[in-house]
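S.K.: So you can see what is in the structure, the chains are spelled out below.
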Amino acid sequence: MGTSLGKPAAPRMPSRNPLDAIPLGRQLRGDPLGLGPAARSARSQRLEPRTASADRIVASVCPYCAVGCGQRVYVKDERVVQIEGDPDSPISRGRLCPKGSATLQLVTHPAREQRVRYRRPHATEWEELELDEAMDMIADRVIAARRDGWEEEIEDDRGETVRLRRTRGFAHLGGATLDNEENYLIKKFFSAMGAIQIENQARI
Amino acid sequence: MKLDTHVWPGNYGAEARPRMGFFTDTSVCIGCKACEVACKQWNGVPEDGLDFTGNSYDNTGGLGADSWRHVAFIEQEKPLSLQQAPPGAGGDGDNSTGMRWLMSSDVCKHCTEAACLDVCPTGALFRTEFGTVVVQEDVCNGCGYCIPACPFGVIDQRKGDGRAWKCTLCYDRLQVGEEPACAKACPTDSIQFGELEDLRERAGARVETLHETGVQEARLYGESPGDGVGGFGAFFLLLDAPETYGLPPDPVVGTRKLGEMWRTAALAGATLALGAAAAVARR
Amino acid sequence: MGSNMAENHPVGFQWVMEAKLRGARVIHVDPRFTRTSAVADRHVALRAGSDIAFLGGVINYILSNEREFRDYVLAYTNASTIVSDDFRDTEDLDGLFSGYDQATASYDNSSWQYKEMEASAAVGHQEAGAPSGEQAHGAHGGRLHQRDRSAVDDSLEDPRCVFQILKRHYSRYTPEKVEEICGVPRAQFLEVAEALCQNSGRERTSAFCYAVGWTQHTVGVQYIRTAAVIQLLLGNIGRPGGGILALRGHASIQGSTDIPTLFNILPGYLPMPDAQKHPTLERYIEANTTPAGFWGNTDTYIVSLLKAWFGEAATAENDYCYDHLPRISGDHSHYSTSMDMLEGKVDGYFVMGENPVVGTANSRLHRLAFSRLKWMVVRDFSLIETATFWKQSPEIESGELRSQDIGTEVFFMPAAAHTEKDGSFTNTQRLLQWHHAAVAPVGDRRSELWFMYHLGRRVRAKLAASSDPRDRPILDLTWEYPTDGAIEEPSADAVLSEINGYEVASGKPLPSFLALEADGSTACGCWIYSGVRAEGVNQASRRKPGAEQTWVAPEWGWAWPMNRRILYNRASADPHGNPWSERKRYVWWDQDSEQWTGEDIPDFVKDMRPDYVPDEGSRGPDALRGDEPFIMQADGRGWLFAPSGLTDGPMSTHYEPQESPFDNALYGIRANPARQQLPGPENLYHPSDGDAHADVFPYVFTTYRLTEHHTAGGMSRWLPYLSELQPEMFVEVSAELARERGLENAGWATIITARGAIEARVLVTDRVKPLRVQGRLVHQVGLPYHWGDQGYATGDAANELLSIAMDSNVHIGEYKAATCDVRPGRRPRGRARRELVERYQREAGLR
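Protein chains in written order, with this note's numbering: chain A, 64 to 267; chain B, 231 to 513; chain C, 18 to 864.
One thing to keep in mind: the hints can contain errors.
Said to hold, decoys possible - Derived DSSO-like pairs (lysine-lysine); straight-line CA-CA distance at most 30 Å:
| hint | chain 1 | residue 1 | chain 2 | residue 2 |
| --- | --- | --- | --- | --- |
| 1 | A | K70 | C | K561 |
| 2 | C | K601 | C | K37 |
| 3 | C | K561 | C | K37 |
| 4 | C | K561 | A | K139 |
| 5 | C | K561 | B | K308 |
As the list claims (entries may be wrong) - Quick look at which bits of chain B chain C covers, simulated, 3 or more residues with Cβ under 8 Å:
| hint | region |
| --- | --- |
| 6 | 264–275 |
| 7 | 328–341 |
| 8 | 351–365 |
Claimed, not checked - Counterexamples of contact, computed for chain B against chain C with all Cβ distances above 12 Å:
| hint | residue |
| --- | --- |
| 9 | R247 |
| 10 | G261 |
| 11 | G279 |
| 12 | G284 |
| 13 | D368 |
| 14 | G372 |
| 15 | P381 |
| 16 | D386 |
| 17 | V437 |
| 18 | G460 |
| 19 | P472 |
| 20 | P479 |
| 21 | D480 |
| 22 | G484 |
Hint data in this document are derived by calculation from the structure and do not stem from the laboratory.
For each residue, glycine too, the CB sits at the ideal point set by N, CA and C.
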């Protein structure tokens, strides 16, 4: 996986005083009211931010609006554990809006689907379907739809026959959160298929 | 300037760090609620219910166990003095805006004299080396003494959990010199984090600037060590009276009169010792 | 104007707040008092859909008070150009320009041409006729020749010069008319106009920020044009702190037009081949090449694109496989496609990362359309409304449709997130930024890159043995990309390399589009992106900290074209190449090094002297003079008057929205005569002012976003942390309207149009005020559009209410101004909901 920002800075050093291991000891060290260091729990003692213990930090960009705020993605045990603003970005200076601040939830929330779902014609419920099988079925359908909607030529307003060599058998609508590289392959492949109704949120 | 709390910095000795806090400049708040989300995302605070309140854009309602930052929205029928009265302003249907919409991100004040801390019998609440007030989830037993003690109604028990929760000023992040999640996210720097002394200086200058530009109603809230809680660790620049924002105009720490009498060093020590024993016993 | 920047671009808005701290004045002109208004120095409330009247008023104010930046206007705009004697203005034709054809509701722009163009037209070089909106990108359709300098009047006095035409055209946009149409008190309007003038000129610049509040109208393009004219008159284009800033709402919506998945363009704004106009490559190049400027090199762009796509198969002999490209023949946009589906003409639909049932006008129409497909592929994070239309919808609740009767086969494919794939987004300032995969996607989650690559691979394998000539384009396609890992993820970097372009013989990456050739020796997937992988380095992934760079930060990401951060920045210097002022210096001519230099990369031929005058035989960029900064225009000038490229007039004109409670106070023509309509039983339009039953829908409504949600909700309504901040659909109304209709704050209201009925919680607020327009009080109703019936936070979709009525240039719908009725209480359930709508349709005389 791409890692362009390296590893987090070293976490804090634990206290070396053996007395600090027990609260009473800490209290004896100068917190007679037990409101300060003496009250510090075991958890508080070893507390460190999960950003500090991440295995790596990955450079990213916020996927919501088009300001393009820099993000840092913190990964621990191959899981994303935190996403926050990248202070290096001259655009955002480390800041994020509420949506950008919720990016961790966006990529980890439980309602995010993991499996292909299939709805048979006239069915009332979803079914499971293997990804590989789904891809094969879609390939068959797009080939058939292309032929179904093929338009070889038309007569223009001067009465001359002009070539179209296109299909209106299938169409596409893309969101504007897709990468440039993805849009490129969509436009390239669907155009080669002869499809023209290739559209995007940018129209809306 | 009296910055000292009961146990900070003295009791921390060499471990003591400059007192850290927030200065929330509401004159530049755009009400985006990034602070609310960044806080929840970092601290794993649960969602607080899908309640439509009908109170402007505020569906959070207030600070609580599950909302450690809260943006208040106040719609007022008076022009913001940042905007002079629009030309042609008049009565009904005259098309003038003539109003202002105040927004302010509220948070635990991390009081210099913190009642929640004073009344906590378990040692769950403590004053950190940064001078902040933190409730420790591994110690809190949910007794709830702290809840009525807070003059701001900040600290709160979580339903189904029973323990008390509130802003920690991202105690964990502070350990490695990272600023709290809300302040880091804040798009317009309405929430500023730093050493309290610096923040007070910055805030004073900001009020002056605003006064110079005609915003006479700009005022600081909670910056004075002489107030009823000895000053806030997290204070505010407001554009109206505190009550307008749902903040007590003159908060007083409920335990001030009691001093620290009922909570003796021995008691605290015993409680902690018991806590430690219990922790060992559970292993 | 037309933007609610604080709410929709909060982090970008930090720079507005910072400018404000440094003394900038922020003015927000918007129908609603929003979170942007709350921190602005001034909020001006105007009626939704009346912005051209307001902006036209500003133009009139500038021209009638001689407040234009005369030196800039004279040198850098087409103000002095003489227009054809055949041109007739809306002044002459009561709201129509010359060339209008009633039967087709469209314009022939022949009469809008520059005067000398008539001469070239006579010798056969001018392709006169309708500038098809499909062709309005790129070379602007028209064949504009280098100006004959005799057809200009530098005194700007000639009655047929652009400057005088402009002056006459906008003369009726008086402060009184602005007040009458927009509902903005004269004094407020004058204050804004004066503030703009005072803050423009040599020493100061002003910027306009807009968003879909301007584009989503039946005259949307002309909204932007009006602002462009103001900015050209005030000298605010190509200069730091100036410009017209489009605040785009999606991470890569700029990229989605640069490398389009749009029916009318190819990558880099090259037009899609048109069946009639571009039968051959030669005709395509001829029609899309201007004699001067960078559209003079169109042949290199298209041939290199064809080489990138069809590789070895593309040869000079076969016109580089030009015939492998399908042809368009009119409007094949999203909306027209849905109409085709409704008629059963489309078998299959791919929807990737989009939720049209919630996000597109007239939700019902789209659901009905989808129910007539054979199959549909929906790729998203969660089961959005578009994926579940067959299971749950108002039509199923009403009994009009039953799941068992819907034959559409639906494949839901879980999508990978940006943290699970490499790739680039192009942000709102044309900046490409690379995001790196942080983790591998789990389960069946895949990137669109993976989906397209492997779908293509499978289709190619299935057709490998085909001898059918129509399968040739698929088999000739270059489709070899290295893959990585267990899931065989194709390399996004390899795709970016193809986009950047390379020398065919050596495979060496191209440094920029200046290296492109038309002889098949170079391949380039998107000419404007050429240079993004210069020297084999992914320039989009550069992240040199902002604090370690100049304020322009040229080493963070990569901006097209050629990493230029401000377009047309040659205009930041005067005709002689010196900065207009020290305070606003940005790019200038350096005498010593004999080249352009400055803070940014000059958007100009680097060594073209300011006093350069082209030879007779010059073409392309070299055919422009050294003091003509608008290098994409055939005359190198900013267009105050657009002789081509627009379908609905060379200048903007105030027209009322498709649906409006008011007549046009300026002309006899009510709405944009060239607007695009798709009338039909599922897309009924309301009667407007003057029509019978117009009072059935008495209120103006506008739709918008909130900070707390994202568009159609797929990336926000499933998230508890965002859902709780704005948990329910609501409607913003004034206290006056609440009284008039008996609405209670936090209670419920039902909003009804001829398309649908929705319910929403009521938010009574002084931020929405009735306006006095044409002597009448008009109520405006505000509707955020994020909700649908799936997800964690659910509610009715505002788009159930809207009709599809479009700008004819770009086929963008009118989402920002329409009419409705509002009633207290929740909407009826089941069948009764549809009956309510049908009752309104009858009352309005629509059925």
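S.K.: Taking the hints in turn, state whether each one holds.
M.R.: Hint by hint, here is what the structure shows:
no.	hint	in the structure
1	A:K70 to C:K561	holds (17 Å)
2	C:K601 to C:K37	holds (18 Å)
3	C:K561 to C:K37	holds (27 Å)
4	C:K561 to A:K139	holds (25 Å)
5	C:K561 to B:K308	violated (46 Å)
6	264–275	holds (count 5)
7	328–341	holds (count 5)
8	351–365	violated (count 0)
9	R247	holds (25 Å)
10	G261	violated (5 Å)
11	G279	violated (6 Å)
12	G284	violated (3 Å)
13	D368	holds (25 Å)
14	G372	holds (24 Å)
15	P381	holds (27 Å)
16	D386	holds (16 Å)
17	V437	holds (14 Å)
18	G460	holds (31 Å)
19	P472	holds (19 Å)
20	P479	holds (24 Å)
21	D480	holds (28 Å)
22	G484	holds (31 Å)
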